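Chemist: Residue numbers (the numbering used here), protein chains in the order written: chain U, 83 to 396; chain E, 83 to 396; chain G, 83 to 396; chain L, 83 to 396.
For the record, the hints were derived by calculation from the structure and aren't laboratory data. Errors might be hidden in some of the hints.
Same chains, same label: a pair holds when it works inside one copy or across any pair of copies.
For lysine-lysine, the following DSS-like pairs were computed, each having C-alpha atoms within a straight-line distance of at most 30 Å [unchecked claim]: (1) 240 - 230; (2) 115 - 329; (3) 112 - 239; (4) 151 - 319; (5) 378 - 151; (6) 267 - 332; (7) 107 - 267.
Being a predicted model, the structure only gives us computed values, none of them experimental.
Single-letter residue listing:
Protein chains: 4
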Amino acid sequence: MTPKLMKLPLKGIIPPMITPLLENKELDSKGLKLLIEHLIEGGVHGIFLLGTNGEGPSLDYRLRRQLIKEACKIVNHRILVLVGITDTSFNATVEMANYAKEMGADALVVAPPYYFPVTQHETIDYLKALIPTLPLPFLLYNIPSCTKVNLSVETVKKGKEMGAIGIKDSSGDMSLLYALIDEFKDTPDFSIIAGAELFLSDTILNGGHGAVAGGANCFPKLFVDLYEASLSRDLNKIAFLRDQLLKIHKTIYNVGDSPTKSIQAIKCVLSLKGICQDYMALPLSPLNTTHRNEIKGYLEEFEYSKKQRTGLKL
Amino acid sequence: MTPKLMKLPLKGIIPPMITPLLENKELDSKGLKLLIEHLIEGGVHGIFLLGTNGEGPSLDYRLRRQLIKEACKIVNHRILVLVGITDTSFNATVEMANYAKEMGADALVVAPPYYFPVTQHETIDYLKALIPTLPLPFLLYNIPSCTKVNLSVETVKKGKEMGAIGIKDSSGDMSLLYALIDEFKDTPDFSIIAGAELFLSDTILNGGHGAVAGGANCFPKLFVDLYEASLSRDLNKIAFLRDQLLKIHKTIYNVGDSPTKSIQAIKCVLSLKGICQDYMALPLSPLNTTHRNEIKGYLEEFEYSKKQRTGLKL
Amino acid sequence: MTPKLMKLPLKGIIPPMITPLLENKELDSKGLKLLIEHLIEGGVHGIFLLGTNGEGPSLDYRLRRQLIKEACKIVNHRILVLVGITDTSFNATVEMANYAKEMGADALVVAPPYYFPVTQHETIDYLKALIPTLPLPFLLYNIPSCTKVNLSVETVKKGKEMGAIGIKDSSGDMSLLYALIDEFKDTPDFSIIAGAELFLSDTILNGGHGAVAGGANCFPKLFVDLYEASLSRDLNKIAFLRDQLLKIHKTIYNVGDSPTKSIQAIKCVLSLKGICQDYMALPLSPLNTTHRNEIKGYLEEFEYSKKQRTGLKL
Amino acid sequence: MTPKLMKLPLKGIIPPMITPLLENKELDSKGLKLLIEHLIEGGVHGIFLLGTNGEGPSLDYRLRRQLIKEACKIVNHRILVLVGITDTSFNATVEMANYAKEMGADALVVAPPYYFPVTQHETIDYLKALIPTLPLPFLLYNIPSCTKVNLSVETVKKGKEMGAIGIKDSSGDMSLLYALIDEFKDTPDFSIIAGAELFLSDTILNGGHGAVAGGANCFPKLFVDLYEASLSRDLNKIAFLRDQLLKIHKTIYNVGDSPTKSIQAIKCVLSLKGICQDYMALPLSPLNTTHRNEIKGYLEEFEYSKKQRTGLKL
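Modelling step: build the complete structure from the supplied sequences, incorporating the hints.
Modeler: Here you go:
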């Protein structure tokens, strides 16, 4: 049974929620509550737990379960809860799926296991074995920078035939995203969700359905506004809001030299906003003080310039 | 305390042992016993559990623990037991290390966590946090095809300073392997272990210490003989044995189109030899019947030509 | 002196013109004439000679010169003529630039030399030496799949400071394209030209200036219409025309297995249309008969479905 | 007719000779004479003109021809002269081949054209067209870092069938080099030449034939001695000489941050030795003063430690 909240195709802004941690790397339950309320207030349509921004694979199972349990309880069906279940162990994947269902999550997100380099064919075989065990609707998740396999249009079609309700594409390859939108344009129930947040308006204008935007952890209303402006095809408003987004990318996301600096930056901004702390699970680490101050400066400038603007409240 | 068996530098042929599985993906305890005896009989100097060939990351924790426990018991200190502990979760890594110690393993093998792409610097920070928690001597493990980070000579030096007893390099990059041998040539306790089995004789001739050779699962004596021929600098014997090895690579390892076809082939050969079955943990799968028959043909030809030879018993 | 035709920023649809060849690999002067008239009739704003689609680097200097001379004469200042001058030899690059000026070309297109892998810094040093010798306005050309260096925003800024009038980005990386548009949004004379034709409407809607679209060799009016629909922000018309384009990509451009199959397909379509033949300079080759027939079928279907449509003439 | 000097298989140390240039980027004929005499005195078996170290693709045709002419005249058949003819233009390639023959060169070296990314199949088709036009024996040249295509064993076999007398493999991939040696072990006339100089002794010990070693421009006797020690299987001497080589790699070749820093270093060492100047053809540039001084220090230390040694004269 598809949970009541969920209508297909899945749509809108679904932040890949970061996981608030304490200094001892336990779950920061207070931060979690503040973060979820911040996101709901910002108007997001769902949250995606235990994805890449959520540092899912870095957390032990106990913590992953605690997060699912507490987040589902806090959300209490006000918005959708999607749970990333991928693990290199098949059994652990299935167990997490069942736990998510039990705790009241709405859908699952499935990427290929991420240790071995695999072919499209092996990915399809994996999905063939996994999908019949899943107790909830699920999205496919394409993130080749972490999984080493770039799902082809053909593989996604196979996934759709086996029951997937959509694909979140974080390849960063707009040609693939457009090919996916085109492929499924006559399949209105299948969602094409952009993982690269700068592609949000292009995705919506050209027939896609939403974005799993890391930055929506910090600036949920900005993304929701951009989503709505895209839906209503208000090109001036889109231009204005994209400009804000590009500014964030050029400044806040561009501090330090880690390949995961945008995740560091998002946690840093949330800690500067007093929502949660910026502790991270190894192998990732919080930004150092210099970088934190740099982001602080960018954030103040960004917030200040926002206040100067009229007509549009982000 | 370094266990009694272990003398530094670690040396010799240490197969990255495949994990025998039943059709239901549980541990094949009978196969495990046969495989370990086959390896000990072949003269190997140790076994490495839960590496890439061992499909470590694909197995759930219960099965990983069962394997460690049963393997340590079967080996009963006749040869070294090394255990791969790497996991994307830091806590799970530490727990597996402690369990390995408890079960009587001799050493650990540590690769960087394999979900996020990380820098050398982040890898060093990860090791700084992990190493003080490790209850046993440990080797570093470089396998960029799976972990996405290629450990630099500088990073390995840092790992050595923090306590590593050696490095297993499976980058396939002979220049890196030679640079490592050169870097540590005045550090006689630090082992340089080749992960690419074709580089075994070069490694030994030029000052390295051994090989973690996947093929030694099937042909332990061939590798032990090649190791010893290399130690005694018997170039004719080396040439003869390398020739056998090259033949295996060109035939048996070259069936099918998966990036992990050599692992499939190794399990297939072991099943053809009646040692264990060739079930694999997803996302890997056994070779299909056509490919299996192809390998059967290659194996028969290989064994037959071996019988024809005199003077050298493999 | 900037030639009369050229107003900055450079705008519109500028096909990277293929080079019509005879069976003996000499220039097909008759085909050249037909092709240029076909393009001008289609409404393009300029042509770009000797780019990647033009197989520039594969042609000997004599043929490159002949092409420049004949094309400039045929065009006779009706539209802009841009000439790709990049060569691995610095002197040859300068000589071709001078020849293009002499023959009446309007602008040059400059990519980094393509043999050695180079850094951003080396690319900048190269431009520092080259630019003072150039007798005509010039665009930078980013095509990392051929040159192995992906021009950074910073490098393009340096190029602008040294006199570039724009950048043609064929990286296929929409994030870079958007970063470039954003970087130069307050520099109205600097053109951002998309090299990936599927990004044409996004480029224009978000502030860029045009496209060097290979497909415009075959379907110039389709691209000009899409450009104009984008300028006038007619989202319905854009959607309709992009759909045509996506269809071409899924069918005509998708035949065979060469990395350059879209160039083969473009020459094939032009030969099917009777404009010129599809001989190619080695190392590229025409499509074989099977593939040619496949494209023929796609083309007929495409043209037929075009006729069925009303209201929009492509 | 194979020139008299040349016996198959081609063997030994064949430096990819750097091209001595004056400040105005014209050929430094005096430096060329000194360099060739330095190499012949060092005992090399041939020289390879216009390769990657020779900056071949960066030189204009006039200069390439001048170099071939003057080098052939200076060498005067005392050692072999091989000429790299590859160009992105097919006609230019054939013309350079004919010119090399006319000037008395002994053999040609052929890499795939380096602008377009091509498949193995396209490479074979290119060779099928080119080879019948070649007036001299020729080696294949595998250098994927510059040409973007990594010749497979299968492609090299096809090249052999079409007449190639050997392959110079500069892929840096020892597994490929060993696969090539193995493939052609029963084809005694076909040469396997290592392009990565650190693999020289391994190549010879395992059945290969020589090395095109950039460092032999500076230290020809070191390489010739290592080649001979490898031929005579003198493992102690090999170890000693490899050690010198590793030292050069760790110091002299490791200055600056260009992907082509070893070529810069080689020209720098030659200028420090007073043989020729270190001007380079764009896009490459000489090392700056700081880096030059760094190399000067390494070189002095290297020469000094050489003097301290007894028993072995390099």
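Chemist: Now, for every hint given, state plainly whether the structure supports it.
Modeler: Here's how the hints hold up against the structure:
1. In this assembly of identical chains, the alpha carbons of residue 240 and residue 230 lie at most 30 Å apart whether taken from the same copy (19 Å) or from different copies (28 Å).
2. In this assembly of identical chains, the alpha carbons of residue 115 and residue 329 lie at most 30 Å apart only when taken from the same copy (28 Å versus 47 Å across copies).
3. Neither within a single protomer nor between protomers do residue 112 and residue 239 lie at most 30 Å apart by alpha-carbon distance, with minima of 41 Å and 41 Å respectively.
4. Within a single copy, residue 151 and residue 319 get their C-alpha atoms no closer than 38 Å, and across copies no closer than 48 Å, so neither meets the 30 Å cut-off.
5. For a Cα distance limit of 30 Å, the shortest separation of residue 378 from residue 151 qualifies neither inside one copy, at 32 Å, nor across copies, at 51 Å.
6. Within a single copy, residue 267 and residue 332 get their C-alpha atoms only as close as 33 Å, which misses the 30 Å cut-off; across copies the closest is 14 Å, which meets it.
7. Taking the closest pair of Cα atoms, residue 107 and residue 267 never come within 30 Å of each other, the shortest separation being 43 Å inside a single copy and 40 Å across copies.
Checked against the numbered hints listed earlier, the structure breaks hints 3, 4, 5 and 7; every other hint is satisfied.
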